[in-house]
Amino acid sequence: MFWLVGLNVLSKYEPFCRSGGKASGTAYCPPMHFSLVDKVIEQAEGRIVTIKNVTAAEEYLQDHFPTFPVLPGVMMLESMVQAARRLAESSSEAPTQVPLVLGRVRALKYGRFVQPGDTIRIEVELGKRNGDEWDFKGSVVMATPEREVAASGRFILRPARV
Amino acid sequence: MTRDEILSKVRTVLVDALAVDDEDVTPDASLTKDLGAESIDFLDIQFKLEQAFGFKIAQGEMFPEDLLKNPEFVKEGKVTPAGMAQLRLRLPHVNFATFESDPQAAKLGQMFTVDAIVTFVANKLKK
Amino acid sequence: MRWMWIDRVVELVPRQKLVAIKNVSLAEEHLHDHFAATPTRPALPIMPASLILEGMAQTAGLLVGHAGGFQENVVLAKVGNAEWSREVVPGMTIRYTANMIQYDETGSSTRGVVEARDSGSDAPFVQIGSIDIMFSHAGHAMDLKGLGQNIPSHNFVFGEAFKTLLRTSGVS
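Sequence order for the protein chains is A, B and C.
Following this note's numbering, the numbering of the first sequence begins with -12 at its first residue and continues without gaps.
Following this note's numbering, the numbering of the second sequence begins with 23 at its first residue and continues without gaps.
Following this note's numbering, the numbering of the third sequence begins with 24 at its first residue and continues without gaps.
Bound-form chain A, shown alone (with noise of 0.2 Å):
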């Protein structure tokens, strides 16, 4: 009974990987240089929440900006978009042969910055699904008891036209 609750409490910790194909089980770990969800903390029906720590090793924020490092705000997006894919993907009615990616975005606002040393909890919500055109709502909050709002939008995922 013990090792069941230990494994329940590992599998809010996985990181961010993705069974490889519904047949075969076996887990998969893509190249994460580009992942922005460090940890996965809910993940229910039609919403997820996960959260991301910020550095000063991620080195584009020598960048961004050089005297005063802040998270990007398209790297907030990126981070629901993520945490959405993620969400979307885990569905038998995401498509297997396309990535989905951003297709959309609507009243993307930002709320304050986010500096190296800070974490972020992203969550989406699964609005409505369009044929394939998939609805969410976002938000990027501290990860502080005041829960600041540091970004939240609308936006959609779609199949990637190539």
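Heads up, a few of these hints could be off.
Stated by the list, open to error - Just a few of them, taken from the derived set where beta-carbon distance is under 8 Å, the chain A residues facing chain B:
{"#": "1", "residue": "91"}
{"#": "2", "residue": "93"}
{"#": "3", "residue": "94"}
{"#": "4", "residue": "132"}
{"#": "5", "residue": "141"}
Treat the hints as calculated values from the structure; they're not laboratory data.
Note that CB positions come from ideal geometry on N, CA and C, so glycine has one too.
Following the hints, position chains B and C against chain A.
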């Protein structure tokens, strides 16, 4: 332009700026509490109203940002009586009745309803 | 990963329009993750839309910054509406055109067009997206919530990298 026509154009502006649905934009809906507007949205709304109605809105004419930065009008997060007098004078389009009992500057945004915007536009068009 | 998402400014009409281009190359590291091969499909390098958004933000930000003599901190505040109809892959060139819609002390609003074409060709640029961006001019931004943060008083946005970009593009 009738009040209804103004409301219709204001509704289009708010749906565009705030990514809300038409039915959310009711006359007594608060921009901040009900429609999720934040500081940048107020500027966006101002810009879009200027384009929709063809007039120019001066800084602080629709939303009192300069007033809130004045220490004579806001002390310790609360709007002073002098501040309240200024607000009532400068913003005749806003109903401050419920605000006066607890004049927290941070909550001032909640007083801006869709109706207040419509009144503001109606007043401007009259001039 | 460096943080410069435009390569060259090709046109500047002060206070009105700025046009910039960006080459997309497989030499960019993040394209190897976006997207890497999976058991169900081969690698598919696609420029992340969020970074296309950043390219437009930098294009529009330069237009706005230049309009203010680079005195203000021009900070991304809101993306009103942005959409892309197809993906951009290595070997393509993106062209960003930012138009100034409104500008005042507290902030500005821009409307942008994103186009792309195969690099090294004479093919016309084809529109693939549009992006509306608002900036706040930090320090002047109205803040009804009263959120204060330790924002430096000096200009932190327009540093050496942007100055070099403007100089090599032949813009004063």
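Against the structure, the hints:
1. Hint on residue 91 of chain A is violated. Least Cβ distance to chain B is approximately 11 Å, over the 8 Å limit.
2. The interface hint given for residue 93 of chain A is met, as the beta carbon of that residue sits about 4 Å from the closest beta carbon of chain B, less than 8 Å.
3. The beta carbon of residue 94 of chain A is positioned within 8 Å of a beta carbon in chain B (closest approach about 3 Å), and the interface hint is therefore held.
4. With 8 Å as the threshold, the beta carbon of residue 132 of chain A stays out of range of chain B, its nearest partner Cβ sitting at about 18 Å, so the hint is violated.
5. This hint holds: residue 141 of chain A has a C-beta 6 Å from the nearest C-beta of chain B, less than the 8 Å allowed.
In this structure, the earlier hints numbered 1, 4 are contradicted, and the remaining ones agree with it.
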